[in-house]
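Read off the chains here:
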Amino acid sequence: MILDGKCPTGPIEQTWDKHRFDLKLVNPANKRKYNVIVVGTGLAGGAAAASLGELGYNVQAFCYQDSPRRAHSIAAQGGINAAKNYPNDGDSIYRLFYDTIKGGDFRAREADVWRLAQVSNNIIDQCVAQGVPFARDYAGYLDNRSFGGAQVSRTFYARGQTGQQLLLGAYSALSRQIKAGTVKMYNRREMLDLVVVDGVARGITVRNLVTGELESYAADAVCLCTGGYVNVFYLSTNAMGCSVTANWKAHKKGALFANPCYTQIHPTCIPQAGDYQSKLTLMSESLRNDGRCWAPKKKGDTRPPNQIPEEDRDYYLERKYPSFGNLAPRDIASRAAKEQCDDSRGVGPGGRGVYLDFADSIKRLSEDTIRERYGNLFEMYEKITDENAYKVPMRIYPAPHYSMGGLWVDYNLMSNVPGLFVLGEANFSVHGANRLGASALMQGLADGYFVIPYTIGGYLTTVKPGQVKEDHAEFKKSVEDVNSDVNKLLSINGKRTVTDFTRELGGLMWENCGMARTKESLEKNLKKIPALREEFWKNVKVTGSGADFNQQLENAGRTADFLEFGELMCRDALHRNESCGGHFRSEYQYDDGEAKRDDVNFCYVGAWEFKGVNAEPELHKEPLQFENVHLAVRSYK
Amino acid sequence: MSDHKTMTLTLIVWRQKNASDPGKFETYTAKNITDHHSFLEMLDCVNEDLILEGKEPIVFDHDCREGICGMCSQVINGAPHGGQERTTVCQLHMRKFKDGDTIYIEPWRARAFPIVKDLVVDRTALDTIIQAGGYTSCHTGGVADGNAILIPKPVADEAMDAAECVGCGACVAGCPNGAAMLFTGAKVSQLSLLPQGKGEAAARVKAMTAAMTECGFGNCTNHYECQAACPKGINVKFIARMNRDFLKAQFA
Ligand code: SF4
Ligand code: FES
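Protein sequence lines, in the order shown, are assigned to chains A and B.
Using the working numbering, the first residue of the first sequence is number 152, and each one after it goes up by one.
Using the working numbering, the first residue of the second sequence is number 3, and each one after it goes up by one.
These are calculated hints, taken from the structure and not from any lab test.
Take these hints with a grain of salt, some might be off.
Looking from chain B toward chain A, a few residues come up when the C-beta cut is under 10 Å (computed) [said to hold, decoys possible]: (1) Pro59; (2) Cys66; (3) Val123; (4) Arg125; (5) Ile132; (6) Gly143; (7) Gly148; (8) Leu152.
Pairwise CB distance ranges (calculated) [unchecked claim]: (9) A:Gly350 with B:Ala150: 46 to 52 Å; (10) A:Ser642 with B:Arg17: 20 to 26 Å; (11) B:Pro156 with A:Glu530: 18 to 24 Å; (12) B:Ala150 with A:Lys542: 39 to 45 Å; (13) A:Glu461 with B:Thr223: 57 to 63 Å; (14) B:Lys100 with A:Glu533: 15 to 21 Å; (15) A:Ser696 with B:Asp103: 29 to 35 Å; (16) B:Ala146 with A:Asn779: 27 to 33 Å.
Listed next, the stretches of chain A that the computed footprint assigns to chain B, with coverage defined by at least 3 CB atoms under 8 Å from CB atoms of chain B [claimed, not checked]: (17) 200 to 214; (18) 424 to 436; (19) 595 to 607; (20) 696 to 707.
Note that beta-carbon positions come from the ideal geometry of N, C-alpha and C, so glycine has one too.
Please build the complete structure, drawing on both the sequences and the hints.
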């Protein structure tokens, strides 16, 4: 099947405005008759639920945490991009559009990216109105900083907690709607199934994480805003509860999964310290504004960093990419760090680390200035490593951070299952094969505040409200299916803990489907993952009961889904015989080690259809056309 | 990778099946713990052992494990979040303890936070306070340009100081009266400092303080334990500020 993204045509500058005009509107008096489910309350979900509630729809919002304010968008540190051009340094909507297409290595849709760039400015205004305390200068104007992959300063920030402040802004808007009664909030609920009736999404089955009860919720449309899947690597910068589960359940009910192999490995994270470790912590990319990445020139140089003289240091990013230097895009910076370590020039435990050095900036600007800019990050670094980064360089290493792939959606953010919308990181739409810094927050809020409020109406005008209720047979069947999975997990009573399996799967994914992949490594995983999955279902041990608060059971369900999803990810990586963005196939590179894209054969979105757990999925393609940005080899030299 | 010395610790942990169970302390041993384990990773290790013994692991709230989501919530040796300055439980590392230590671990205890299970409490009361008025009533779309409102750096910075609250509830757990003044004061102050929030300041402070009382939070008697417990260093000056806002609102 050739997929159609239903993108508007014509001059790109007019596409979104024209499309908005063409979309049918729901009569204001009818809006409250429509029920809309929003799963997840991060930037995308929180913004969507608040905005849809405000428009008058009847919204039911769900999150697995104890409060909607805790979704992992909160952990984004650095900032949010917008094409305001306040610094007068040459930015424009067109440039943000261009940078994002190029940064994504030409694997995203032009129309979607244009819209993102266009609404980016509204987002800043919206957040300011909510009381988000963005950084300001003494005169009171909004301040900007630079981020990777751009030569203009377009990133707005709130200290090192931009994600937190934006999320709390969305949460406050959501709280206002909860109070107004337009949104009903369900905390501590995990979505465990999508209910599809006659091919149309009609609701969800959730587990009440406190009582263990399975609950059914029907609606006229379902919006998944459930984030990314890089916890498939076990160690990542994601929160512990982040999983592929909601997306995977939807996938098993017919939603296509697009480009699962595009994962972002963030270059600046704190290296792993031991096997017991449960997560990795990111150090904002903004640090690369003032920190210089280097590794010793000599192999196995164990001297403390301060005793390695200048001439023995390799500032490898500045050397390889003189025009972007330390601000090279994430995929490039990550691979470069890995190269240094693979070449036995890594530092710290296990040799898996490089330095991020602030000595020059401190000399140039003073320690106080650096503290003012990044104080909380230095503090966090010290808490974890017990080292003072004002005195010794930070050690950093790449870590899984974000997923560009996700459920396939059309221009309206609707999946191929009518009535199922997918927003934010959970969809695949705008980042192509690599996401630029400070654009995840932009996308989440764009989808939630400024896209879904329009596009969902276009769909709802085609359906009669309230056609299917919770007493429909499909809801009962869904509950029975989920219940039988729960019981099965509890009855195995094997010898290995859930974490043990998650860790093993993560190891396989990182080793064979991580920063660099080969045909051989991927084929190895395609054998090992099914075997591990089989063992899981025979040998996992989950204690306690299903009718209770049971965190092991929650984790077991998430791991079971990762064990299916991991295989799809490897399959996608194996079929894509090219390197692009975050997907680096070692067989496809230029002599200098740069990624070798194949636009003749792979300039498409690869969307997979589920055919059964042990059956081969079917690939569908959506060809990508570039009419505004010239398809070219990406260069940051 | 573990070239560190390891520690063995005795944990005395609050176990409670559900809200109606009276609950009690149980003793566990944490073995092979290194300096680099985080406190929650230490508990993970204990839980792995419990699971393999067929016992129910200790239930505790956590998510981001990097000090920003506000989900983790444990009283360690009597101090919310363990008492290290500006540190959440998830950021607390075992290098702060030594081999042979005994550690008491309890949930937040406050009238407004009923215990759900073991170390997990119900903090929806904090959401209720925000719902009462912790926002500006702007609509999506149709707002002014971000630079149309000038906010000089010192004002933006002070608003940000207040906005850093992660909503963990440690201030409540640390307060002898179980008050939520620091949490509420921080939100009230953030919004009343900013021009965008000034218009509704009077109505907001009244509504939010009323919600605070309705939810069962206690009164402030100036112990300042909240500030000591706060992992984000939220300053008690925001309580004073809220009190001033409240007084002003009576005459507004
Ligand atoms: S004021 Fe401090 S202790 Fe209280 S909820 Fe906020 S961050 Fe937690
Ligand atoms: S787990 Fe998020 S703050 Fe501790």
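Open item on the list: I want to verify a distance hint. Is the separation of the beta carbons of A:Gly350 and B:Ala150 within 46 to 52 Å?
Closed with: This hint holds: roughly 48 Å between Cβ atoms.
TODO: Look at the Cβ atoms of A:Ser696 and B:Asp103 and judge whether their distance stays inside 29 to 35 Å.
DONE: holds (33 Å)
Task: CB-CB spacing for A:Lys542 and B:Ala150 relative to the 39 to 45 Å hint - done: holds (43 Å)
- [ ] Check the following: the C-beta atoms of B:Pro156 and A:Glu530 are separated by a distance inside 18 to 24 Å.
- [x] At 22 Å between Cβs, range holds.
Task: 27 to 33 Å as the expected CB spacing between A:Asn779 and B:Ala146, which holds or is violated - done: holds (31 Å)
TODO: Hint says 15 to 21 Å; check whether the CB-CB distance for B:Lys100 and A:Glu533 agrees.
DONE: holds (20 Å)
Open item on the list: Given B:Gly143 as an interface hint, is its Cβ closer than 10 Å to any Cβ of chain A?
Closed with: holds (7 Å)
TODO: Could you tell me whether the CB distance from A:Ser642 to B:Arg17 stays inside 20 to 26 Å?
DONE: Roughly 25 Å apart at Cβ, these two residues keep to the hinted range, so it holds.
Task: Verdict on chain B covering the segment 424 to 436 of chain A, where coverage means 3 or more residues with a C-beta closer than 8 Å - done: holds (count 9)
Open item on the list: Quick check on the hint: B:Ile132 CB to chain A CB, less than 10 Å?
Closed with: Check passed: Cβ of B:Ile132 comes within 5 Å of chain A, closer than 10 Å.
Open item on the list: Let's test the interface hint: is any C-beta of chain A closer than 10 Å to that of B:Gly148?
Closed with: holds (4 Å)
Task: Interface hint status, B:Cys66 versus chain A (Cβ within 10 Å) - done: Holds. Min distance 5 Å.
Going down the numbered hints, you'll see the structure goes against none, and every one checks out.
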